[in-house]
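> Working from the sequences, and respecting the hints, build out all of it.
Protein chains in written order, with the numbering used here: chain S, 1 to 294; chain Z, 1 to 294.
For the record, the hints were derived by calculation from the structure and aren't laboratory data. Hints are not guaranteed to be accurate.
A pair holds if it fits inside one copy or across any two, identical chains being indistinguishable in the list.
[Unchecked claim] With a cut-off of at most 27 Å between alpha-carbon atoms, the simulated BS3-like pairs for lysine-lysine come out as follows:
| id | residue 1 | residue 2 |
| --- | --- | --- |
| 1 | K21 | K36 |
| 2 | K73 | K36 |
| 3 | K73 | K260 |
| 4 | K110 | K282 |
| 5 | K21 | K201 |
| 6 | K73 | K108 |
| 7 | K137 | K110 |
| 8 | K249 | K160 |
| 9 | K201 | K137 |
| 10 | K146 | K108 |
| 11 | K201 | K264 |
| 12 | K160 | K204 |
| 13 | K282 | K249 |
| 14 | K260 | K160 |
| 15 | K264 | K249 |
| 16 | K259 | K21 |
| 17 | K36 | K282 |
| 18 | K204 | K137 |
| 19 | K160 | K21 |
| 20 | K137 | K251 |
| 21 | K146 | K110 |
| 22 | K201 | K282 |
| 23 | K249 | K259 |
| 24 | K36 | K249 |
| 25 | K201 | K36 |
Number of protein chains: 2
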Amino acid sequence: MIVAIIGLGLIGGSFAISIRKRGLAGRIIGVDRDEKNAETALNIGLVDDIFDLYDAVTAADLVIVAVPVDQTKVILTGVLDRISNMATVMDTGSTKQGICASVSDHNKRKRFVATHPIAGTENFGPLAAISNLYNGKLSIICDREKSADDALEIVQQLYKSIGMNIVYMNPEEHDLHSAYVSHLSHISSFMLGLTVLEIEKNEKTIFELAGSGFASTVRLAKSSPEMWTPIFEQNSHYLLNALDTYIDKLKIFREAIEKKDTVKLTSLMRQANDIRRILDGKKLSEEKLITNRD
Amino acid sequence: MIVAIIGLGLIGGSFAISIRKRGLAGRIIGVDRDEKNAETALNIGLVDDIFDLYDAVTAADLVIVAVPVDQTKVILTGVLDRISNMATVMDTGSTKQGICASVSDHNKRKRFVATHPIAGTENFGPLAAISNLYNGKLSIICDREKSADDALEIVQQLYKSIGMNIVYMNPEEHDLHSAYVSHLSHISSFMLGLTVLEIEKNEKTIFELAGSGFASTVRLAKSSPEMWTPIFEQNSHYLLNALDTYIDKLKIFREAIEKKDTVKLTSLMRQANDIRRILDGKKLSEEKLITNRD
Chain S
1 MIVAIIGLGL
11 IGGSFAISIR
21 KRGLAGRIIG
31 VDRDEKNAET
41 ALNIGLVDDI
51 FDLYDAVTAA
61 DLVIVAVPVD
71 QTKVILTGVL
81 DRISNMATVM
91 DTGSTKQGIC
101 ASVSDHNKRK
111 RFVATHPIAG
121 TENFGPLAAI
131 SNLYNGKLSI
141 ICDREKSADD
151 ALEIVQQLYK
161 SIGMNIVYMN
171 PEEHDLHSAY
181 VSHLSHISSF
191 MLGLTVLEIE
201 KNEKTIFELA
211 GSGFASTVRL
221 AKSSPEMWTP
231 IFEQNSHYLL
241 NALDTYIDKL
251 KIFREAIEKK
261 DTVKLTSLMR
271 QANDIRRILD
281 GKKLSEEKLI
291 TNRD
Chain Z
1 MIVAIIGLGL
11 IGGSFAISIR
21 KRGLAGRIIG
31 VDRDEKNAET
41 ALNIGLVDDI
51 FDLYDAVTAA
61 DLVIVAVPVD
71 QTKVILTGVL
81 DRISNMATVM
91 DTGSTKQGIC
101 ASVSDHNKRK
111 RFVATHPIAG
121 TENFGPLAAI
131 SNLYNGKLSI
141 ICDREKSADD
151 ALEIVQQLYK
161 SIGMNIVYMN
171 PEEHDLHSAY
181 VSHLSHISSF
191 MLGLTVLEIE
201 KNEKTIFELA
211 GSGFASTVRL
221 AKSSPEMWTP
231 IFEQNSHYLL
241 NALDTYIDKL
251 KIFREAIEKK
261 DTVKLTSLMR
271 QANDIRRILD
281 GKKLSEEKLI
291 TNRD
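Right under this line is the structure:
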């Protein structure tokens with residue numbers, strides 16, 4: 001199988017490593033509009049060749065589109081136009097409605113599988129690619145009934161081979177849940193970074209106090225603006241709703257601090273504590289009361 | 001040396017482990033107003049004995065106060081009243097102005113060293129105590145000139161022995177910087193947790209999408225309300241300022257999303273990205289441009 005990977009950053013590069021490690025491709029062709037990225041990816045052996053977009057697509061049995069979601073919308077139609085009739089195209093974008101809509105009437109729509117592997121780090125570029133990025137993580141496939149059985153099968157097998165579990169949603173559900181859980185977290189973190197940079201003028205102090213929880217809360221503020229701007233733009237509807245609720249909660253907490261309403265502060269934090277149970281994958285009935293130290 | 005540890009949670013318990021591991025104490029006496037915590041701490045060998053507060057304090061050469069900051073203010077005077085004239089008392093609280101003020105006129109003020117080890121996890125209670133909590137981290141000592149030389153020396157030696165670096169500040173500086181860097185992060189995370197719990201009704205989806213960055217951003221929302229309520233109350237002045245700036249930034253970002261102002265969104269995120277350089281401990285002049293993948 002010849003695999004073409006469009007976009008040789010963290011996501012595309014980590015696909016290249018994972019696919020090669022498991023011997024899933026006879027040849028991996030890379031595409032990147034940034035020449036330096038393409039050269040780096042070739043030099044460190046992520047890919048066997050660097051081709052232009054349409055040459056790569058024409059040669060491939062499987063095309064993995066791993067570019068920012070605005071670019072995915074721009075190129076996807078042209079990619080489907082040029083693939084062979086039996087080839088499969090999958091994307092990896094963090095939004096799904098706009099991307100699915102952009103090819104909904106394409107005569108090769110059945111060759112496309114809309115996916116979103118829930119994996120990433122705050123790093124980017126081909127040098128950020130790692131072999132275990134996907135192992136044990138979850139991938140979402142949208143509108144599976146709109147893909148041909150054999151195309152769906154190839155993509156599912158790929159994800160399973162690299163250690164991912166698969167969940168199915170429609171694009172609207174995907175974008176709503178992603179806004180609420182993933183995209184809001186990124187905004188929370190980006191703006192936390194911006195705030196601390198503005199009010200804390202002493203960089204050395206930020207560095208020294210980072211161990212107090214700041215470093216992990218602000219980690220996502222290191223993420224790539226080129227990747228995130230189009231995600232926020234495409235998912236603005238659900239995101240505005242999430243952001244309004246977040247700002248409201250912060251205002252409520254702010255008021256409780258101003259009034260020194262310790263009962264309210266404790267109550268709000270105790271409600272928030274329930275996130276521990278959910279992240280541990282426990283149902284309410286399995287919940288154990290956590291003993292406080294005081 | 002007999003060490004009394006008041007409060008056998010994550011902080012006090014981890015002191016017990018660290019002190020025992022390095023043979024710094026002949027005997028460790030524990031105090032906890034929660035009988036179950038005290039029993040657990042004794043059973044798992046964190047401490048050699050459980051005493052009442054004043055019995056422990058009277059017997060000790062070094063008293064480590066590791067309870068929530070409201071309780072520290074309540075007990076500190078009584079602790080100083082009862083220690084022997086050569087004993088040393090240190091606290092570990094996340095706020096410093098109120099605690100230092102509470103004993104500023106005490107006739108044994110020189111026996112007290114005000115400290116804040118910048119270390120913690122989102123877990124609490126004696127079972128959360130770990131041996132490497134402090135190693136490689138930073139501790140802040142406030143108003144060192146108000147402590148006797150020998151008391152200061154004992155505390156500095158303790159921190160160095162368990163692998164901590166020491167920074168000196170006055171209580172006002174400490175509380176300002178802590179509000180801006182540490183306390184704001186906790187509120188950001190607590191309210192993110194609360195928001196997602198409210199708008200995302202599907203717990204399974206939160207669990208499934210947690211790998212998208214949510215888990216790390218919301219980690220601090222698991223923290224103990226009993227510990228954090230009095231911190232927010234005592235540090236409300238600086239914290240309200242930090243929180244207002246944070247809410248303003250979120251509103252600016254919200255407006256840019258609403259207007260689909262992608263230039264503004266990218267610009268805000270690029271500014272926030274500078275946090276990477278600071279957390280890496282690099283000065284502006286050493287900064288390397290990070291290559292984007294696209």
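> All hints are to be evaluated individually against the structure, with a verdict given for each.
Hints and how they fare:
For a Cα distance limit of 27 Å, the shortest separation of K21 from K36 inside one copy, 24 Å, qualifies, whereas the shortest one across copies, 51 Å, does not. When the C-alpha separation of K73 and K36 is checked against a cutoff of 27 Å, the pair qualifies only within one copy, where the shortest distance is 23 Å, while the shortest distance between copies is 59 Å. Taking the shortest Cα distances, K73 and K260 sit within 27 Å of each other only across copies (17 Å), while inside one copy they are farther apart (50 Å). Proximity of K110 to K282 under the C-alpha cut-off of 27 Å is found in neither arrangement, the shortest distances being 38 Å within a copy and 50 Å between copies.
Taking identical chains as interchangeable, the C-alpha atoms of K21 and K201 are never at most 27 Å apart, the minima being 46 Å within one chain and 39 Å between chains. Taking identical chains as interchangeable, the C-alpha atoms of K73 and K108 lie at most 27 Å apart only when both belong to the same chain, with a minimum of 15 Å there against 71 Å between chains. For a Cα distance limit of 27 Å, the shortest separation of K137 from K110 inside one copy, 26 Å, qualifies, whereas the shortest one across copies, 55 Å, does not. In this assembly of identical chains, the alpha carbons of K249 and K160 never lie at most 27 Å apart, being 39 Å within a copy and 41 Å across copies at closest.
Only between protomers do K201 and K137 lie at most 27 Å apart by alpha-carbon distance; the minimum there is 22 Å, versus 39 Å within a single protomer. Proximity of K146 and K108 under a CA criterion of 27 Å is satisfied intra-copy only: 10 Å inside one chain copy versus 77 Å between copies. When the C-alpha separation of K201 and K264 is checked against a cutoff of 27 Å, the pair qualifies only between copies, where the shortest distance is 23 Å, while the shortest distance within a copy is 32 Å. With identical chains, the CA atoms of K160 and K204 are at most 27 Å apart between copies only, with a shortest distance of 21 Å across copies and 45 Å within one.
In this assembly of identical chains, K282 and K249 lie within 27 Å of each other by CA distance solely inside one copy; the values are 25 Å within and 35 Å between copies. Proximity of K260 and K160 under a CA criterion of 27 Å is satisfied in neither setting, with 52 Å inside one chain copy and 37 Å between copies. In this homomeric assembly, K264 and K249 come within 27 Å of each other (Cα to Cα) both inside a single copy, at 12 Å, and across copies, at 25 Å. Taking the shortest alpha-carbon separations for K259 and K21, neither the intra-copy value of 58 Å nor the inter-copy value of 44 Å comes in at or below 27 Å.
Taking the shortest alpha-carbon separations for K36 and K282, only the inter-copy value of 25 Å comes in at or below 27 Å, while the best intra-copy value is 46 Å. Taking the shortest alpha-carbon separations for K204 and K137, only the inter-copy value of 15 Å comes in at or below 27 Å, while the best intra-copy value is 36 Å. Taking the closest pair of Cα atoms, K160 and K21 come within 27 Å of each other only inside a single copy of the chain (14 Å); across copies the shortest separation is 45 Å, beyond that limit. Taking identical chains as interchangeable, the C-alpha atoms of K137 and K251 are never at most 27 Å apart, the minima being 35 Å within one chain and 33 Å between chains.
In this assembly of identical chains, the alpha carbons of K146 and K110 lie at most 27 Å apart only when taken from the same copy (6 Å versus 76 Å across copies). Taking CA atoms no more than 27 Å apart as the test, K201 paired with K282 passes between copies only; the shortest distance there is 15 Å, against 42 Å inside one copy. Taking the shortest alpha-carbon separations for K249 and K259, both the intra-copy value of 15 Å and the inter-copy value of 23 Å come in at or below 27 Å. In this assembly of identical chains, the alpha carbons of K36 and K249 never lie at most 27 Å apart, being 44 Å within a copy and 34 Å across copies at closest.
Taking CA atoms no more than 27 Å apart as the test, K201 paired with K36 passes in neither setting, with 35 Å inside one copy and 44 Å between copies.
In summary, the numbered hints that this structure violates are 4, 5, 8, 14, 16, 20, 24, 25.
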